[in-house]
Amino acid sequence: MKRALVTGGSGAIGTAIARALAKDGHHVCIHANSNFAPAEALAADIIADGGSAEAQRFDITDAAATQDALAALLAAGPIQILVNNAGIHDDSVLPGMRPEQWSRVIDVSLNGFFNVTQPLLLPMIRTRWGRIINISSVAALMGNRGQANYAAAKAGLHGATRSLALEVASRGITVNVVAPGIIESPMTETAFPKEAIAKLVPMQRAGQPGEVADLVAFLASERAAYISGQIISINGGMA
78 MKRALVTGGS
88 GAIGTAIARA
98 LAKDGHHVCI
108 HANSNFAPAE
118 ALAADIIADG
128 GSAEAQRFDI
138 TDAAATQDAL
148 AALLAAGPIQ
158 ILVNNAGIHD
168 DSVLPGMRPE
178 QWSRVIDVSL
188 NGFFNVTQPL
198 LLPMIRTRWG
208 RIINISSVAA
218 LMGNRGQANY
228 AAAKAGLHGA
238 TRSLALEVAS
248 RGITVNVVAP
258 GIIESPMTET
268 AFPKEAIAKL
278 VPMQRAGQPG
288 EVADLVAFLA
298 SERAAYISGQ
308 IISINGGMA
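If you count by the working numbering, then the sequence shown holds residues 78 to 316, one letter each, in order.
FYI, nobody ran anything at the bench for these hints, they're computed from the structure.
Predicted model only: the values in this text are computed from it and were never measured.
Computed Cβ-Cβ distance ranges for the label pairs, DEER-style:
| hint | residue 1 | residue 2 | range |
| --- | --- | --- | --- |
| 1 | A140 | G314 | 37 to 43 angstroms |
| 2 | E266 | T204 | 38 to 44 angstroms |
| 3 | P172 | E299 | 44 to 50 angstroms |
C-beta: ideal position from N, C-alpha, C; glycine also.
Produce the entire structure from the sequences given, and follow the hints as far as they go.
Here it is in structure tokens:
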């Protein structure tokens, strides 16, 4: 049984990913910080369904706290599947954006990626098998008004992904980006009315969290062993 870590695992996409990985027979560590109760409930639900899971709470922007939390996880064995899903929005057009808005979003999505990924690499390398999947956004590819900070953070993941993919390819480790478009969640229901989605998305609907999770589960499988360094969009045909 391989061990997986999903950061930001209590949101709509993170929940679907955790369930999909557990269904594929992996032990899933579901990370959350401020929204920890849903992560605990999800882990209990997975276990009740016959899967293997646990919830972990730490702040990925705190390098020392993250290092300590990961050391405790690694004591039970290497993490061979890592899904960097954590990210936040703090939207504002750039002329009115406060420095703390810029820094906070970059800190979670980009610095958090480093704080979580770097300590897991050597244990993963020693197993000569690994899957690292970074969850980005259509905003990083197309831009989005009011999200210069979020787009910059997620676009930074693209460069880091391609570089890391080169560094670990010879060790049986793949590194890829999944870039969702508009995915159904409580947040998108208020931000994107159905008529707006029909104009933005050629398929004229929002994607489902499970559709993103299915793609992540495939990339985490043996079948995706020759796919690495790629940015894969899942956005209903948005250009």
